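So the chains spell out like this:
Number of protein chains: 2
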Amino acid sequence: MIVENSLDELKKREGAYRIIKNFIESDVESELYDLTGLSGGFIASEEEIDLLQTYIGPAVFEDKLQEVGVNHMGGEKIFALNRTSSGILASILALVSKGDSVVHFLKAHPAHPSIIRACNLVGAVYDEYIDLDQFKIKDNTKLVIITGSTMDHQVLDEESFKKVIERAHNKNIPVFVDDASGARLRTAIFNQKPACDLGADLSVTSTDKLMKGPRGGLMAGKEEYVNMVKAKSNEFGLEAQAPVILAMINALKDYNPQNLRDSISKKDELFMLLIKSFNMFEKTPTGVMVSKESLKKEVNSKRDKCNLSETDLCFLWSMILLKNENIITIPAVSMPGASTTIRFDLSSNDANKLEIKEIYEKISRSFEYLLEVCVDEDKSRKIIYNL
Amino acid sequence: MIVENSLDELKKREGAYRIIKNFIESDVESELYDLTGLSGGFIASEEEIDLLQTYIGPAVFEDKLQEVGVNHMGGEKIFALNRTSSGILASILALVSKGDSVVHFLKAHPAHPSIIRACNLVGAVYDEYIDLDQFKIKDNTKLVIITGSTMDHQVLDEESFKKVIERAHNKNIPVFVDDASGARLRTAIFNQKPACDLGADLSVTSTDKLMKGPRGGLMAGKEEYVNMVKAKSNEFGLEAQAPVILAMINALKDYNPQNLRDSISKKDELFMLLIKSFNMFEKTPTGVMVSKESLKKEVNSKRDKCNLSETDLCFLWSMILLKNENIITIPAVSMPGASTTIRFDLSSNDANKLEIKEIYEKISRSFEYLLEVCVDEDKSRKIIYNL
Numbered sequence: 001m002i003v004e005n006s007l008d009e010l011k012k013r014e015g016a017y018r019i020i021k022n023f024i025e026s027d028v029e030s031e032l033y034d035l036t037g038l039s040g041g042f043i044a045s046e047e048e049i050d051l052l053q054t055y056i057g058p059a060v061f062e063d064k065l066q067e068v069g070v071n072h073m074g075g076e077k078i079f080a081l082n083r084t085s086s087g088i089l090a091s092i093l094a095l096v097s098k099g100d101s102v103v104h105f106l107k108a109h110p111a112h113p114s115i116i117r118a119c120n121l122v123g124a125v126y127d128e129y130i131d132l133d134q135f136k137i138k139d140n141t142k143l144v145i146i147t148g149s150t151m152d153h154q155v156l157d158e159e160s161f162k163k164v165i166e167r168a169h170n171k172n173i174p175v176f177v178d179d180a181s182g183a184r185l186r187t188a189i190f191n192q193k194p195a196c197d198l199g200a201d202l203s204v205t206s207t208d209k210l211m212k213g214p215r216g217g218l219m220a221g222k223e224e225y226v227n228m229v230k231a232k233s234n235e236f237g238l239e240a241q242a243p244v245i246l247a248m249i250n251a252l253k254d255y256n257p258q259n260l261r262d263s264i265s266k267k268d269e270l271f272m273l274l275i276k277s278f279n280m281f282e283k284t285p286t287g288v289m290v291s292k293e294s295l296k297k298e299v300n301s302k303r304d305k306c307n308l309s310e311t312d313l314c315f316l317w318s319m320i321l322l323k324n325e326n327i328i329t330i331p332a333v334s335m336p337g338a339s340t341t342i343r344f345d346l347s348s349n350d351a352n353k354l355e356i357k358e359i360y361e362k363i364s365r366s367f368e369y370l371l372e373v374c375v376d377e378d379k380s381r382k383i384i385y386n387l
Numbered sequence: 001m002i003v004e005n006s007l008d009e010l011k012k013r014e015g016a017y018r019i020i021k022n023f024i025e026s027d028v029e030s031e032l033y034d035l036t037g038l039s040g041g042f043i044a045s046e047e048e049i050d051l052l053q054t055y056i057g058p059a060v061f062e063d064k065l066q067e068v069g070v071n072h073m074g075g076e077k078i079f080a081l082n083r084t085s086s087g088i089l090a091s092i093l094a095l096v097s098k099g100d101s102v103v104h105f106l107k108a109h110p111a112h113p114s115i116i117r118a119c120n121l122v123g124a125v126y127d128e129y130i131d132l133d134q135f136k137i138k139d140n141t142k143l144v145i146i147t148g149s150t151m152d153h154q155v156l157d158e159e160s161f162k163k164v165i166e167r168a169h170n171k172n173i174p175v176f177v178d179d180a181s182g183a184r185l186r187t188a189i190f191n192q193k194p195a196c197d198l199g200a201d202l203s204v205t206s207t208d209k210l211m212k213g214p215r216g217g218l219m220a221g222k223e224e225y226v227n228m229v230k231a232k233s234n235e236f237g238l239e240a241q242a243p244v245i246l247a248m249i250n251a252l253k254d255y256n257p258q259n260l261r262d263s264i265s266k267k268d269e270l271f272m273l274l275i276k277s278f279n280m281f282e283k284t285p286t287g288v289m290v291s292k293e294s295l296k297k298e299v300n301s302k303r304d305k306c307n308l309s310e311t312d313l314c315f316l317w318s319m320i321l322l323k324n325e326n327i328i329t330i331p332a333v334s335m336p337g338a339s340t341t342i343r344f345d346l347s348s349n350d351a352n353k354l355e356i357k358e359i360y361e362k363i364s365r366s367f368e369y370l371l372e373v374c375v376d377e378d379k380s381r382k383i384i385y386n387l
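Protein chains in written order, with our numbering: chain S, 1 to 387; chain D, 1 to 387.
Do not take every clue at face value.
For chains that are exact copies, the list does not tell them apart, and a pair is met inside one copy or across any two.
[Said to hold, decoys possible] In silico DMTMM-like pairs for lysine to aspartate or glutamate, Cα to Cα no more than 25 Å straight-line:
#1 K64 x E46
#2 K21 x E48
#3 K266 x E224
#4 K292 x D131
#5 K11 x D254
#6 K222 x E9
Rather than coming from a laboratory, the hints here were simulated on the basis of the structure.
Keep in mind that this is a model prediction, so the values were computed, not measured.
All chains should be built: construct the whole structure from the sequences, respecting the hints.
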């Protein structure tokens, strides 16, 4: 085994860093292509950065956020949070007390852990449902939560969405929607309405997911509820700070659902090319991926003398993609313990800089090289650690 | 009464905005001077902003922060939080459970409310002391908190600081220091050591207080404890995001304690000039201030026909300072409910652009004009709302 523990993973990550750093610092014409789908963004002009340095800057950006935020999310009022998880915490702190019940409806388990953690913190009883027939709202329920799209991009259909809201409102219970990726996935790809337009009282989305914003949470909702969450956030320091708000505004202005839709057709095109040569690829909502098990199987079917482990193969391929093809995928740069699945996200900013055929060629060429070196453990080690 | 409620305060704030906006957008040579002491800052180069847009950017900045952070704060490891209040919440979540005791020592009441709120949230028993002779650490205490400098800049002496730490450590209880302004006020002005050098296990400071950083909390401490706080922060979204971390790094590099020390002597110089003509000024650690009561008294002693309320006088003077003298003070631009005390902070970035004599003249001239218009309520109203 080449990468055996967290320390090894850090060594691998540092090796990838050096490659990227050299790239950024060199004057080479060629570009790096970040296809992780995780890079988020920070769009800001020089004048805006100057304005950040004044007392008035933060207030100006908060005002501007209202307009672009409502345009994206619906609702009466917008509030920016440090993260979607902070928004979940603030909402539960504001609306739920010890002994109250919280009911959560989502397309598929598991729920995002921050919801359960926040309920535990206030001492609330937490129930989770994925089946509308079994969905029950206890009498002492103070908050109904809906997850628009799970972490694995499992999207709730609009009919169920509306029924859950209706049943909550029949009991006068507010509805909070965790719409982290959903605010865009549901609307741009599945033609659903923003959560507030479907009747949600509060909704929060992640501005770094499927758009070019910074990591952060954008909340919309009825003014009364937003004000309650805002007050709680300010008490505990959960609100987004001015530089993040500025970058949210520009990312929201930049957002175009067509880019997301395009990534779907590009994904299909790439997938069609890939399945002609490989058995290992699966589709994701905005790209394609190879799990460590599938990668090992594919390598074994083409090369019988490779003794590398599943995860070592992922790290090796990811480093080859970085070094030889200038493509950043998660396993090369990830922190210890992250998933080793190799994803190519076509909604990434950098995906637009490459033709689908180029991406296909980069994938094929790097996989050929992977087959070549994976039988040589020493050479594989040198590549993984960039020695 | 001219400014009667929150709505009026917002109207006043919007009027001030328009003045500032015109200033920023016009090509006039003259400058705005932000003497609020609250503007913080956001120092970042174009290349750094570009790096923010990559997957690797955040990781690069987190690494860089370690070095400059330890240099400023001491300790073994650094962690950046969304706010000092988030750092307090994360530490109490990480180290204290229901029924545990938390003991807080500070120079003077009141404590920062976020400490008490976080204790209430986890269900801890909270005790507060300002007298070392009465200071008691109960047996079930899990955390001892020291406030280095209170919100009113009341600074704890180093001897008491060390004694509290010693008594906590004798009982094997970790010590957390809320050093919001203290990390600079204590070291630069009072020649004390950083909290970690005095033995604290954790210490947090506000990067927008007495330095040119963004609003945020910079934590330092023993690695074991920092790791515990970091894990808790990531669970609830309390950590600082990359754009804020970048600006923290540059503000820490920019920080020079001499600037703070200079502001003290400048403050003394300004105060000496002011007391020759006025009775209303008081010193703050880094500037001078006038409370609403003192302002009303001073106006009454020089003009017997002024019927404006204390707060209206503050708003009026603050707007005159802005419009006629280009000086931003808090009452002109503040949110509803903020303090109406007029402070001139000489550690503000912009204070360096003015001679002390110029500041004195701007203050005198604007006060003369205040005396002139304050007897005319209609005219005062027009100035306050910038009509």
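Should K266 paired with E224 be assigned to within, between, both, or neither, using CA atoms and 25 Å as the limit? neither (42 Å within a copy, 47 Å between copies)
Intra- versus inter-copy proximity for D131 and K292 (alpha-carbon distance at most 25 Å): neither (31 Å within a copy, 61 Å between copies)
Quick one: K222 to E9, C-alpha cut-off 25 Å, is that within a copy, between copies, both, or neither? Between copies only: 23 Å across, 45 Å inside.
One pair to classify: K21 and E48, alpha carbons no more than 25 Å apart. Within, between, both, or neither? between (27 Å within a copy, 13 Å between copies)
How would you label the pair K11, D254 (within, between, both, or neither) given a Cα cut-off of 25 Å? neither (37 Å within a copy, 31 Å between copies)
With 25 Å as the alpha-carbon cut-off, assign the pair K64 and E46 to within, between, both or neither. both (17 Å within a copy, 23 Å between copies)
Checked against the numbered hints given earlier, the structure breaks hints 3, 4, 5 and satisfies all the rest.
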